[in-house]
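A.B. asks: So the chains spell out like this:
Number of protein chains: 2
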Amino acid sequence: MKKVYMDNGATTRTHPEVLQAMEPFFLENYGNPSSVHGFGQEALKGTEKARDEVKKLINAADPQEIIFTGGGTEADNLAITGYAMANRERGRHLITSVVEHHAVLHTCEYLEKEMGFSVTYLPVDKYGMVSAADFREAIREDTILATIMSGNNEIGTLQPIKELARVAREQGVTFHTDAVQSVGSMPVDVQDWGVDMLSLSGHKFHGPKGVGALYVRRGIKLHPHIHGGAQEKKRRGGTHNTPGIIGLGKACELARKNLPEKEKEVSALRDKLIKGIQDNIDEVVFNGHPEQRLPGNVNFCFRYIEGESLLLSLDLEGIAGSSGSACTSGSLDPSHVLLATGLSHEVAHGSLRLTLSIFNEEEEIDYVIEKLPGIVEKLRQMSPLYQKS
Amino acid sequence: MKKVYMDNGATTRTHPEVLQAMEPFFLENYGNPSSVHGFGQEALKGTEKARDEVKKLINAADPQEIIFTGGGTEADNLAITGYAMANRERGRHLITSVVEHHAVLHTCEYLEKEMGFSVTYLPVDKYGMVSAADFREAIREDTILATIMSGNNEIGTLQPIKELARVAREQGVTFHTDAVQSVGSMPVDVQDWGVDMLSLSGHKFHGPKGVGALYVRRGIKLHPHIHGGAQEKKRRGGTHNTPGIIGLGKACELARKNLPEKEKEVSALRDKLIKGIQDNIDEVVFNGHPEQRLPGNVNFCFRYIEGESLLLSLDLEGIAGSSGSACTSGSLDPSHVLLATGLSHEVAHGSLRLTLSIFNEEEEIDYVIEKLPGIVEKLRQMSPLYQKS
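Keeping their order, the protein sequence lines are chains A and B. My numbering numbers the first residue of the first sequence as 143 and each following residue consecutively. My numbering numbers the first residue of the second sequence as 143 and each following residue consecutively.
Some clues are possibly wrong.
No distinction is drawn between identical chains; accordingly, a pair holds when it is met within one copy or between any pair of copies.
Claimed, not checked - Okay, derived cross-link-like pairs now, BS3-like style, lysine-lysine, Cα gap no bigger than 27 Å in a straight line:
1) Lys375 with Lys513
2) Lys191 with Lys145
3) Lys191 with Lys404
4) Lys187 with Lys144
5) Lys255 with Lys363
6) Lys417 with Lys406
7) Lys187 with Lys145
8) Lys375 with Lys255
9) Lys414 with Lys198
10) Lys198 with Lys404
11) Lys417 with Lys513
12) Lys363 with Lys406
13) Lys375 with Lys187
14) Lys520 with Lys414
Rather than coming from a laboratory, the hints here were simulated on the basis of the structure. Computed from a predicted model, the values in this text were never measured in an experiment.
Between the sequences and the hints, there should be enough to build the whole structure, so can you do that?
C.D. replies: What follows is the structure in structure tokens.
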């Protein structure tokens with residue numbers, strides 16, 4: 143059976159060159175980068191080269207602004223909890239948005255429930271976008287940190303990060319962005335954006351799983367989230383995941399060299415898929431912003447059907463998609479992001495996210511456009527909602 | 143130049159079979175185990191098989207008692223902070239020991255300094271061992287958790303975990319053990335030991351870096367430490383590091399099948415190395431317990447010299463050792479573990495840890511015994527302390 147992987151928002155295939163770069167660090171240069179001997183120093187050379195690659199991809203000023211973590215979620219936890227706890231004498235108010243990833247939302251909720259912080263959750267418009275005016279209005283005397291994602295993992299909407307960061311800076315509020323979906327698939331420049339902290343994750347752009355990084359602008363004070371050894375200048379305890387870090391560095395290098403060409407290619411495939419769905423299937427709701435959008439993200443709701451049934455039917459044709467975030471799978475609730483854009487529960491339940499990467503090809507788009515209308519029609523025929531309409 | 147790696151307490155070489163098991167999960171079965179499609183389900187099969195292997199190695203009752211983490215340090219943080227925060231209504235007193243790894247000590251200190259807990263740090267005897275009587279005496283009405291490591295990472299001393307866990311259970315105190323150095327190199331049985339939580343780390347026994355696990359006995363309530371998606375039954379957010387988890391599972395399988403044969407071999411090499419050093423070098427202090435000891439751990443202090451100089455000289459001969467924990471490297475303070483056993487600063491500074499694994503061979507032991515006396519002698523000749531003596 144043909145296999146078409148369109149769930150790159152959940153995770154991507156590791157690039158063969160990334161794996162190749164990692165391999166010597168499993169079997170030969172397996173030392174601990176914190177060790178003084180030759181094995182350790184070889185490993186250290188590797189991790190510091192990788193740090194420099196991360197720095198270059200996001201245009202940080204200094205490699206020491208990069209803290210390696212065990213993934214994007216840990217980076218979000220470190221940014222938010224680490225900053226909040228280190229700066230809570232200055233105030234206990236945080237600002238975020240209702241469409242953040244759970245790595246951000248649940249961290250904010252924990253600080254609210256357990257640590258005496260208060261949190262403002264900014265609303266979004268029908269595209270899932272936060273407004274800078276709302277943000278400015280939400281800032282209080284005791285606001286210390288704002289955290290707004292750059293590209294939404296479900297509906298692909300890009301937030302006006304540069305504008306939001308400028309407001310934050312004017313008001314003396316530290317600004318973090320969860321850029322897990324953006325880094326590696328579109329240009330990201332922390333200095334141009336003016337953000338103070340930024341989270342990224344290797345496996346979202348053909349690096350390995352289990353490794354990410356937090357950019358922290360020099361001068362920003364934060365507590366470690368994982369307490370332990372003196373690694374990462376005492377900002378993150380735990381033996382360095384050398385092969386993972388090397389892989390992340392390689393993924394950054396590949397992304398830097400191949401953007402913007404790859405971004406253009408992936409965006410073109412995305413637009414073809416969007417048009418193909420709109421032209422061939424009735425009663426669909428296009429989710430997210432039409433232009434301010436992640437290069438690989440396609441998200442629709444198909445009225446009268448359930449996203450889960452759609453996924454299973456697609457899977458039988460070898461097509462891998464998702465109904466939203468993989469991180470909430472197993473839950474019967476509709477996506478908090480779709481509800482926030484104003485969709486009803488009923489419509490939100492029929493969502494399908496197809497997310498593309500540099501490994502997708504045009505014939506795969508054609509294949510999905512060929513298969514999807516029949517699947518949707520068949521499911522609708524079985525739907526009591528559709529019969530009634 | 144000959145290369146002899148004897149820093150397996152810091153990290154180990156990944157077993158080639160482990161890497162081989164991981165590889166398909168980078169390039170083929172690269173799906174997110176939380177996804178419903180075929181790519182996801184293949185990945186999920188792999189992670190659940192790995193979970194079962196971890197369960198078997200430590201004899202947990204149920205695979206669901208295993209939570210995958212980004213390493214041993216994160217597992218310690220999850221156990222201690224996660225338990226403390228979830229149970230703080232019942233009391234805010236913790237008990238640990240002065241010889242714990244920093245992953246435990248710094249976590250306890252954070253809870254003490256920032257979260258209103260009080261912590262008792264149990265002393266140790268000259269072997270680095272905690273006494274059950276001291277432990278019993280330290281338990282208060284408001285004690286909710288004790289965390290005592292099973293095998294010391296620096297001096298190799300094994301704590302009387304079974305006895306300590308029994309005291310804890312009798313007094314209604316939850317008991318966690320950091321078994322990062324023990325799991326995979328000696329038999330570990332959570333049910334026989336009677337512990338409620340146990341941390342382990344893949345890279346300490348030929349698994350990959352960046353992955354570990356926390357055993358949590360059914361019924362133990364804890365908050366997640368990394369907030370995010372619903373992974374690991376909402377106990378640890380973040381996309382599963384599938385290849386890492388597969389590698390950890392494979393390392394557990396290999397350890398289970400090869401223990402106790404390998405334990406016996408490594409212990410014999412250790413004893414030969416200890417004897418070789420004692421027979422050939424004067425004025426040495428043997429650190430740790432002579433019998434209750436990790437199979438691969440050798441630790442001596444060489445009077446009148448600095449551990450760092452010794453390491454560098456050994457490195458020139460291709461021998462990789464350490465002066466203590468890799469996690470504290472860069473610090474000029476002598477080991478907190480050696481000081482706790484009663485050594486003076488001066489003596490503690492001259493420490494050398496040589497840690498063996500299943501990959502070490504007898505001729506490597508011979509090589510070290512051949513080279514080390516001359517190196518020590520040369521350094522002593524340059525030492526003002528030695529001249530005076």
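A.B. asks: Hint by hint, say whether it matches the structure.
C.D. replies: Consistency of the hints with the structure:
In this assembly of identical chains, Lys375 and Lys513 lie within 27 Å of each other by CA distance neither inside one copy nor across copies; the values are 52 Å within and 35 Å between. For a Cα distance limit of 27 Å, the shortest separation of Lys191 from Lys145 across copies, 24 Å, qualifies, whereas the shortest one inside one copy, 36 Å, does not. In this assembly of identical chains, Lys191 and Lys404 lie within 27 Å of each other by CA distance solely inside one copy; the values are 24 Å within and 37 Å between copies. Only between protomers do Lys187 and Lys144 lie at most 27 Å apart by alpha-carbon distance; the minimum there is 21 Å, versus 42 Å within a single protomer.
When the C-alpha separation of Lys255 and Lys363 is checked against a cutoff of 27 Å, the pair qualifies both within a copy, at 23 Å, and between copies, at 17 Å. For the identical chains of this complex, Lys417 and Lys406 are intra-copy neighbours only, at 16 Å inside a copy versus 67 Å across copies, given an alpha-carbon limit of 27 Å. With identical chains, the CA atoms of Lys187 and Lys145 are at most 27 Å apart between copies only, with a shortest distance of 19 Å across copies and 39 Å within one. In this assembly of identical chains, the alpha carbons of Lys375 and Lys255 lie at most 27 Å apart only when taken from different copies (20 Å versus 30 Å within one copy).
Taking CA atoms no more than 27 Å apart as the test, Lys414 paired with Lys198 passes in neither setting, with 32 Å inside one copy and 50 Å between copies. Taking CA atoms no more than 27 Å apart as the test, Lys198 paired with Lys404 passes inside one copy only; the shortest distance there is 18 Å, against 45 Å between copies. For the identical chains of this complex, Lys417 and Lys513 are intra-copy neighbours only, at 15 Å inside a copy versus 72 Å across copies, given an alpha-carbon limit of 27 Å. Proximity of Lys363 and Lys406 under a CA criterion of 27 Å is satisfied in neither setting, with 38 Å inside one chain copy and 49 Å between copies.
When the C-alpha separation of Lys375 and Lys187 is checked against a cutoff of 27 Å, the pair qualifies only within one copy, where the shortest distance is 16 Å, while the shortest distance between copies is 38 Å. Taking the closest pair of Cα atoms, Lys520 and Lys414 come within 27 Å of each other only inside a single copy of the chain (23 Å); across copies the shortest separation is 73 Å, beyond that limit.
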